[in-house]
Amino acid sequence: MNKTISSFSPMRRLPDWLKTSLPKGVNYFRLKALVEKYQLNTVCESASCPNIGDCWSAGTLTLMILGDTCTRACRFCDVPTGFMKPPRKEEPIEIAEMVSK
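Residue numbers in the sequence shown follow the working numbering, run continuously in steps of one, and reach 103 at the last position.
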């Protein structure tokens, strides 16, 4: 019986410039709560943006209006694509209320 040893190279760590930290900070959690409260869609979440923690911690986010679907289908983007659903009547009011806070 022959025993062979595979040669595995040790795992290398990612360079610092490629790492992102976990979302944190008061602004991040405040914005997260507002988005959930008003049931709004953000490009950040829909696109699975890796910089969401940085932007939301700085108090910045991008809202999607008229639903959670994009009609453009860009190859680089992770936002769901398809036909638009009928808009929710409450959405403009909810966006205005959220932005005012």
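Source of the hints: derived by calculation from the structure; they are not laboratory data. It cannot be assumed that every hint is accurate.
Stated by the list, open to error - Quick list of in silico lysine-lysine cross-link-like pairs, DSS-like style, CA-CA up to 25 Å:
id, residue 1, residue 2
1, K34, K91
2, K91, K26
3, K34, K21
4, K21, K91
5, K26, K39
6, K103, K34
7, K103, K39
8, K39, K87
9, K91, K103
10, K103, K21
To be verified - Computed beta-carbon distance windows for the label pairs:
id, residue 1, residue 2, range
11, T83, P52, 32 to 40 Å
12, P82, G61, 25 to 33 Å
13, K87, P52, 45 to 53 Å
14, D56, F78, 36 to 44 Å
15, C79, V101, 20 to 28 Å
16, P89, F31, 23 to 31 Å
17, V28, T83, 45 to 53 Å
18, P12, K87, 19 to 27 Å
19, R15, P94, 19 to 27 Å
20, L16, Q41, 33 to 41 Å
21, K91, R15, 49 to 57 Å
22, D80, A35, 18 to 26 Å
23, R14, V101, 21 to 29 Å
Since we're looking at a predicted model, the values are computed, not measured. Don't be surprised by glycine CBs; every beta carbon is placed ideally from N, CA and C.
(message) Going through the numbered hints above, which ones does this structure break? Give me the numbers in ascending order.
(response) 2, 4, 10, 11, 13, 14, 17, 18, 19, 23
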